[in-house]
Amino acid sequence: MNIKKGEFVVVGGGISGIAAAVEIAEFGNKVTLIEKEASLGGRVSKMSLYFPKLCPPYCGLEIYFKRIRSNPNIQIMTLSEVANISGTPGNFTVTVRQSPRYVNAKCTGCNDCVSACPVERPSDFDYSLSKTKAVYLPHELSFPYRYVIDDKTCPGAECGKCILACKYDAIDLGMKAESVELKADAVIVATGWKPYDAQKLTNLNYGKMSNLITNVMMERLAAPNGPTKGEILRPSDNKKVERVAFVQCAGSRDENHLPYCSAVCCTASLKQVSYVKEFNKEAQVSVFYIDLRVMGRNEDFLTKIKQHDGLKFVKGKVARITEDPDTKDVWVEAEDILSGAKHRERFDMAVLATGIEPSLSGEKTCLGEQDKYGFFGSGKDGIFHIGCCHTPSDVSACVKLANGAVLKAMQCVGGRA
Amino acid sequence: MDKKLGIYLCSGCHIGECLDMQALEKAALGECKAAVCKKHEFLCGREGLELINNDIKSEGVNTVVIGACSPRVNFDLFRFGDQVILERVNLREHVAWCHKPNDEDTQMLAEDYLRMGAIKAVKINFPEPYIAEGLTSKILIIGGGVSGLTSAFSAASLGTEVVLVEKQAELGGWVKNMHRQYPKAPPHAALEPTGLPELIDQVKKNSKITVYTSSTIEKISGEPGRFEITIKKADGTAVEKAASIIVATGWKPYDAKKLEHLSFGKHPNIITNVMMEEMVSSGRGIKTADGQRPKRIAFIQCAGSRDPNHLPYCSSVCCNVSLKQAMYCREQDPDSLVFVFYKDLRTPGHHEDFYRHAQNDAGTFLTKCEITNIDVKGNTLVVNAADTLLGKEISVEADLVVLATGMVPTALDEKVLHLAYRKGDELPQLKYGFTDSHFICFPYETERTGIYASGCARAPLDTDAARSDGTGAAMKAIQCADLISRGMATLPRFGDNTYPEMYMQRCTDCKRCTEECPFGAYDETAKGTPLPNPARCRRCGICMGSCPERIISFKNYNIEILSSMIKNFSVPDEFEEKPRILAFMCENDAYPAMDMAGLRHIEYNPHVRIIPVRCIGSVNNVLIADALSGGVDGILLIGCKHGDDYQCHFIRGSELIGKREGNLQETLQRLALEPERIKAVQLSINEYDRLPKLFSEYVEEITEMGFNPFKGM
Numbered sequence: 143m144n145i146k147k148g149e150f151v152v153v154g155g156g157i158s159g160i161a162a163a164v165e166i167a168e169f170g171n172k173v174t175l176i177e178k179e180a181s182l183g184g185r186v187s188k189m190s191l192y193f194p195k196l197c198p199p200y201c202g203l204e205i206y207f208k209r210i211r212s213n214p215n216i217q218i219m220t221l222s223e224v225a226n227i228s229g230t231p232g233n234f235t236v237t238v239r240q241s242p243r244y245v246n247a248k249c250t251g252c253n254d255c256v257s258a259c260p261v262e263r264p265s266d267f268d269y270s271l272s273k274t275k276a277v278y279l280p281h282e283l284s285f286p287y288r289y290v291i292d293d294k295t296c297p298g299a300e301c302g303k304c305i306l307a308c309k310y311d312a313i314d315l316g317m318k319a320e321s322v323e324l325k326a327d328a329v330i331v332a333t334g335w336k337p338y339d340a341q342k343l344t345n346l347n348y349g350k351m352s353n354l355i356t357n358v359m360m361e362r363l364a365a366p367n368g369p370t371k372g373e374i375l376r377p378s379d380n381k382k383v384e385r386v387a388f389v390q391c392a393g394s395r396d397e398n399h400l401p402y403c404s405a406v407c408c409t410a411s412l413k414q415v416s417y418v419k420e421f422n423k424e425a426q427v428s429v430f431y432i433d434l435r436v437m438g439r440n441e442d443f444l445t446k447i448k449q450h451d452g453l454k455f456v457k458g459k460v461a462r463i464t465e466d467p468d469t470k471d472v473w474v475e476a477e478d479i480l481s482g483a484k485h486r487e488r489f490d491m492a493v494l495a496t497g498i499e500p501s502l503s504g505e506k507t508c509l510g511e512q513d514k515y516g517f518f519g520s521g522k523d524g525i526f527h528i529g530c531c532h533t534p535s536d537v538s539a540c541v542k543l544a545n546g547a548v549l550k551a552m553q554c555v556g557g558r559a
Numbered sequence: 040m041d042k043k044l045g046i047y048l049c050s051g052c053h054i055g056e057c058l059d060m061q062a063l064e065k066a067a068l069g070e071c072k073a074a075v076c077k078k079h080e081f082l083c084g085r086e087g088l089e090l091i092n093n094d095i096k097s098e099g100v101n102t103v104v105i106g107a108c109s110p111r112v113n114f115d116l117f118r119f120g121d122q123v124i125l126e127r128v129n130l131r132e133h134v135a136w137c138h139k140p141n142d143e144d145t146q147m148l149a150e151d152y153l154r155m156g157a158i159k160a161v162k163i164n165f166p167e168p169y170i171a172e173g174l175t176s177k178i179l180i181i182g183g184g185v186s187g188l189t190s191a192f193s194a195a196s197l198g199t200e201v202v203l204v205e206k207q208a209e210l211g212g213w214v215k216n217m218h219r220q221y222p223k224a225p226p227h228a229a230l231e232p233t234g235l236p237e238l239i240d241q242v243k244k245n246s247k248i249t250v251y252t253s254s255t256i257e258k259i260s261g262e263p264g265r266f267e268i269t270i271k272k273a274d275g276t277a278v279e280k281a282a283s284i285i286v287a288t289g290w291k292p293y294d295a296k297k298l299e300h301l302s303f304g305k306h307p308n309i310i311t312n313v314m315m316e317e318m319v320s321s322g323r324g325i326k327t328a329d330g331q332r333p334k335r336i337a338f339i340q341c342a343g344s345r346d347p348n349h350l351p352y353c354s355s356v357c358c359n360v361s362l363k364q365a366m367y368c369r370e371q372d373p374d375s376l377v378f379v380f381y382k383d384l385r386t387p388g389h390h391e392d393f394y395r396h397a398q399n400d401a402g403t404f405l406t407k408c409e410i411t412n413i414d415v416k417g418n419t420l421v422v423n424a425a426d427t428l429l430g431k432e433i434s435v436e437a438d439l440v441v442l443a444t445g446m447v448p449t450a451l452d453e454k455v456l457h458l459a460y461r462k463g464d465e466l467p468q469l470k471y472g473f474t475d476s477h478f479i480c481f482p483y484e485t486e487r488t489g490i491y492a493s494g495c496a497r498a499p500l501d502t503d504a505a506r507s508d509g510t511g512a513a514m515k516a517i518q519c520a521d522l523i524s525r526g527m528a529t530l531p532r533f534g535d536n537t538y539p540e541m542y543m544q545r546c547t548d549c550k551r552c553t554e555e556c557p558f559g560a561y562d563e564t565a566k567g568t569p570l571p572n573p574a575r576c577r578r579c580g581i582c583m584g585s586c587p588e589r590i591i592s593f594k595n596y597n598i599e600i601l602s603s604m605i606k607n608f609s610v611p612d613e614f615e616e617k618p619r620i621l622a623f624m625c626e627n628d629a630y631p632a633m634d635m636a637g638l639r640h641i642e643y644n645p646h647v648r649i650i651p652v653r654c655i656g657s658v659n660n661v662l663i664a665d666a667l668s669g670g671v672d673g674i675l676l677i678g679c680k681h682g683d684d685y686q687c688h689f690i691r692g693s694e695l696i697g698k699r700e701g702n703l704q705e706t707l708q709r710l711a712l713e714p715e716r717i718k719a720v721q722l723s724i725n726e727y728d729r730l731p732k733l734f735s736e737y738v739e740e741i742t743e744m745g746f747n748p749f750k751g752m
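Here the protein sequences line up with chains A and B, keeping their order. At position 316 of the first sequence (counting the first as 1) the number is 458 in this note's numbering, and the numbers step up by one without a gap. At position 111 of the second sequence (counting the first as 1) the number is 150 in this note's numbering, and the numbers step up by one without a gap.
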């Protein structure tokens with residue numbers, strides 16, 4: 143077939159960016175996938191299971207990684223961010239700034255450096271629920287499979303224990319940041335999302351009690367490779383949870399926080415209800431919600447989850463969460479809109495369904511124009527925005543937009559737009 | 040091709056401290072018959088790679104076996120071009136990192152894996168891609184609604200020729216009856232034109248697009264790259280060819296006549312949202328049956344949707360649509376009052392702004408409730424509802440009641456494709472008439488290769504989502520045409536240019552391949568002999584697993600290779616008290632799980648031998664019989680989860696294992712062996728922590744049962 147081949151840059155190595163890069167490269171195009179973190183996978187790699195199938199994200203990621211392994215047209219740059227884009231469709235120059243990894247390509251992944259490293263840091267993969275050494279492998283499915291040193295905690299050459307431990311001369315503490323210029327016919331931006339900062343929800347007192355966690359942390363508690371190996375134990379005393387509250391719209395649909403709906407949190411919390419019930423069949427669970435927004439065929443999932451015993455849906459926005467100082471239990475207060483009664487209930491643990499905020503919200507960026515909430519439009523003139531940096535989306539919607547962006551990007555080869 | 044085998048062993052990453060490398064080298068040069076064997080303590084380093092490359096260049100080594108880390112890592116370093124056969128033996132993750140160092144059993148495991156890898160490499164042949172005669176790059180799109188039109192225009196803009204078939208006389212689908220669409224851009228307050236006339240115009244003007252209106256599909260035969268399509272037109276038939284197909288056959292409104300409880304049909308002023316839209320777009324204005332402007336309009340949400348007696352799913356768009364239609368009413372008559380009765384108001388993402396806009400309108404009342412019934416009292420309609428936010432029952436009088444009926448995929452009860460496939464003439468449906476398969480990770484895929492579902496044929500979507508669906512589906516369709524033209528497999532085996540070859544002289548026409556292929560790759564001749572369509576194949580090997588005559592093979596993956604691997608691991612006699620378990624393992628999920636167990640240094644039983652397979656459904660019963668008659672004590676078949684929420688990348692490979700069990704048990708009876716000697720296990724990629732227990736419990740079970748009496752025979 144005579145489709146013109148081109149070169150492309152995809153910014154963001156989460157599920158959207160991976161899908162876009164892999165699909166565009168399977169046409170024989172060259173593509174560079176730019177990721178800010180040390181490994182591809184983004185937010186989904188930190189999730190235990192996907193709704194509604196309750197299947198592990200690693201499964202789909204591994205297929206994408208397998209496709210990358212069999213395709214030399216894909217170049218991956220981790221620890222990298224775009225500093226500048228200039229040019230026009232068919233002829234962009236993308237300046238990429240790559241931070242030092244301090245571990246070079248000689249790394250075999252033997253783990254000897256980790257055994258030698260004396261310093262610990264909170265694991266960002268586990269949302270600080272566990273620790274890693276200053277030199278670490280981001281996670282089991284890390285892609286690329288290479289260790290990285292966190293320069294914020296590593297004492298540097300004065301320690302140097304990892305250098306001695308490495309038989310392969312792979313540690314390079316003198317590594318410097320680098321700038322690289324890439325040519326591109328089009329750029330696909332998939333910079334993704336971050337969980338809304340729950341500390342801003344002052345009435346919920348997040349951060350002031352250990353048994354109030356966020357939905358992304360819950361994913362780590364439920365994950366077999368998480369800090370509790372999949373056991374849902376509350377942080378204060380590692381007690382098996384028996385009473386759990388899910389607090390929907392923690393930030394979302396609130397004009398003081400995120401005025402929009404984050405689209406996925408209702409179904410995500412239903413999934414987390416299934417984590418709790420799978421772990422402890424007897425657990426009592428309450429979901430505090432405004433509207434249950436479980437779209438399309440996911441309604442079946444709602445129907446399935448509703449069949450659990452000991453599960454209660456309370457329509458009402460949570461007004462306050464406080465800690466019982468003796469037991470470390472949490473008190474959740476809400477108005478039950480259906481009955482009009484004030485609802486106050488004690489739980490072992492509460493989970494805030496914090497919303498999706500675009501990663502680059504509030505930041506100045508060369509990657510496109512943002513709306514008042516920090517989301518990019520769908521893109522134009524050779525720069526296309528997909529996934530959660532464009533609109534709050536579930537995985538399926540992310541992949542679908544990624545596929546469409548591939549076609550639009552290919553239209554730019556040779557300067558057409 | 041004359042093969043010259045080079046085996047390269049890495050002692051790095053603690054492999055050398057765990058294994059006797061000399062003994063491995065001896066096995067390589069001895070039993071493995073390697074022409075060259077070299078050891079290095081850093082094989083993936085510059086020097087190590089040079090060692091291999093030099094042997095390829097100067098020594099004529101063309102078959103390379105690397106005994107080092109998992110093939111899932113360092114894939115970019117151990118890449119020697121397409122003239123060299125490469126096999127990776129996983130001595131690191133699967134041996135050194137998860138078994139006792141310098142232990143007899145660990146060493147046996149390593150040597151077994153080396154022999155298995157070497158024989159595999161020797162038996163692999165270079166693929167010859169399947170590129171059929173008469174390929175086209177054209178794309179067929181069925182359905183000229185907003186999704187199909189967008190696909191057509193997007194594909195044509197990349198230079199692809201498109202055939203668009205629409206059953207109505209006019210293009211545009213349901214959207215052409217739409218007055219305005221709800222806002223898709225900030226500030227999400229004002230209704231927008233649909234943009235449909237412009238889109239239709241673009242499609243009609245594009246010379247790359249051939250449009251057939253008032254036409255349907257009469258028949259589709261052939262395979263991706265060269266589908267033969269017969270189109271039934273108002274005035275005869277037309278014949279077209281296409282490389283791939285997009286099914287954008289859309290939706291129809293749920294039949295409101297079935298909504299007796301909502302009194303549809305009992306009074307002309309009870310209408311549906313579709314009727315409302317037509318009324319507004321026709322320019323007649325919103326009127327009751329007697330031509331009056333209604334003063335009180337009630338919208339009933341989930342009329343059919345989210346109802347186990349009607350449509351159990353949510354139709355996704357109706358909440359926003361009713362808010363939009365409420366705006367029509369309020370704009371026509373600012374004195375009118377609108378009541379929206381809903382279960383949950385579902386306006387996800389940025390549409391929340393639109394919802395807020397509606398909430399701020401003083402004449403629009405939104406009420407969460409369950410509808411009890413709608414009473415018809417002369418010309419007054421009374422909506423009765425319970426479980427309201429105030430906790431009581433309410434009754435609201437209205438002049439006009441609008442039922443927000445949901446979406447039903449057209450393909451639920453209409454034939455749209457007429458495939459001349461032995462496995463059925465339409466796409467298999469996932470649920471409720473929607474035809475997608477791996478809808479989370481790969482949304483456009485169906486169970487038929489080269490045929491993609493798009494728009495409301497795939498899921499209830501709004502116009503914006505249908506448009507973006509159309510663009511994505513067009514990409515997949517063009518990509519399919521491109522891959523087929525290069526002789527390559529489509530998802531998920533990118534880069535695979537093998538295909539199943541059949542030794543037809545021995546075929547007994549049992550048709551198991553035809554029945555078991557999840558993608559309908561096999562038709563049959565008039566005499567009932569299987570007729571392969573290789574371009575429909577996803578290369579999973581399920582047909583290879585199904586064939587009792589063992590006549591289906593791939594150049595680099597076949598029964599002979601797997602059987603040789605089985606014969607090349609040691610089966611100690613019963614006096615050594617070392618059981619042997621053979622685990623066939625899905626290479627996509629279970630194998631990476633094993634790697635992760637290695638990474639975590641999780642120790643497990645050393646008596647298990649792993650053979651990774653493309654899909655667990657590709658394991659032929661004869662391999663199991665061979666292994667058991669060769670003295671293997673037990674067989675594990677570790678595949679993906681099956682059932683409604685299947686995880687199998689080939690849809691039902693893992694499920695087939697259960698279906699084939701009848702034949703397996705016959706084999707066991709013939710051999711006079713216990714049924715427990717074969718065990719099927721479902722394992723997800725993240726369940727690596729289950730592996731040690733799984734292995735040790737099975738070894739224990741088998742040991743208690745006693746060794747296989749065929750041992751040593």
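I should point out that these hints are in silico values taken from the structure, not numbers from a laboratory. Errors might be hidden in some of the hints.
Stated by the list, open to error - As a list, the in silico DSSO-like pairs of lysine-lysine whose alpha-carbon atoms are at most 27 Å apart:
1. A:Lys446 - B:Lys382
2. B:Lys732 - A:Lys382
3. A:Lys506 - B:Lys718
4. A:Lys195 - B:Lys718
5. A:Lys195 - B:Lys382
Unchecked claim - Far from chain A, some chain B residues (derived; all Cβ distances over 10 Å):
6. Glu80
7. Phe119
8. Gln207
9. Glu209
10. Glu391
11. Leu429
12. Asp665
13. Glu739
What the hints assert, rightly or not - DEER-style ranges, computed between Cβ atoms:
14. B:Thr742 - A:Ala247: 41 to 47 Å
15. B:Glu231 - A:Ala247: 39 to 45 Å
16. B:Gly472 - A:Ser481: 35 to 41 Å
17. A:Val322 - B:Pro347: 54 to 60 Å
18. B:Leu429 - A:Lys371: 45 to 51 Å
19. B:Thr427 - A:Asn345: 42 to 48 Å
20. A:Gly170 - B:Glu613: 54 to 60 Å
For every residue, glycine included, the Cβ atom is placed at its ideal position computed from N, Cα and C.
Hint check:
1. Between Lys446 of chain A and Lys382 of chain B the alpha-carbon distance is near 18 Å, which keeps this suggested pair within the 27 Å criterion.
2. Restraint check for Lys732 of chain B and Lys382 of chain A: the C-alpha separation of about 23 Å stays at or below 27 Å, so the hint holds.
3. Restraint check: the Cα-Cα separation between Lys506 of chain A and Lys718 of chain B comes to about 58 Å, which exceeds 27 Å; the hinted pair is violated.
4. About 25 Å separates the Cα atoms of Lys195 of chain A and Lys718 of chain B, which keeps this hinted pair within 27 Å; it holds.
5. For the proposed pair Lys195 of chain A and Lys382 of chain B, the alpha carbon gap of about 24 Å is at most 27 Å, so the pair holds.
6. For Glu80 of chain B, the non-interface assignment is contradicted: its Cβ lies about 8 Å from the closest Cβ of chain A, within the 10 Å cut-off.
7. Here Phe119 of chain B stays apart from chain A, with its beta-carbon at least about 12 Å from theirs, past the 10 Å limit.
8. Listed as outside the interface, Gln207 of chain B is consistent with that label: its C-beta sits roughly 25 Å from the nearest C-beta of chain A, beyond the 10 Å cut-off.
9. Here Glu209 of chain B stays apart from chain A, with its beta-carbon at least about 26 Å from theirs, past the 10 Å limit.
10. A cut-off of 10 Å between C-beta atoms contradicts the statement that Glu391 of chain B is not in contact with chain A; the least separation is 4 Å.
11. For Leu429 of chain B, the non-interface assignment is contradicted: its Cβ lies about 7 Å from the closest Cβ of chain A, within the 10 Å cut-off.
12. Every CB of chain A is more than 10 Å from the CB of Asp665 of chain B (nearest about 29 Å), matching its label as outside the interface.
13. Every CB of chain A is more than 10 Å from the CB of Glu739 of chain B (nearest about 23 Å), matching its label as outside the interface.
14. Distance hint for Thr742 of chain B and Ala247 of chain A: a CB-CB separation of about 46 Å, consistent with the stated range 41 to 47 Å.
15. Remark: the range hint 39 to 45 Å for Glu231 of chain B to Ala247 of chain A is contradicted by a beta-carbon distance near 51 Å.
16. Taken as a hint, the range 35 to 41 Å holds for the pair Gly472 of chain B and Ser481 of chain A, whose Cβ atoms sit roughly 39 Å apart.
17. The supplied range of 54 to 60 Å is met by Val322 of chain A and Pro347 of chain B, whose beta-carbon atoms lie about 57 Å from each other.
18. A hinted range of 45 to 51 Å for the beta carbons of Leu429 of chain B and Lys371 of chain A is consistent with their spacing of about 47 Å.
19. Distance hint check: the CB atoms of Thr427 of chain B and Asn345 of chain A are about 27 Å apart, inconsistent with the given range 42 to 48 Å.
20. Taking the beta carbon of each, Gly170 of chain A and Glu613 of chain B are about 56 Å apart, inside 54 to 60 Å as hinted.
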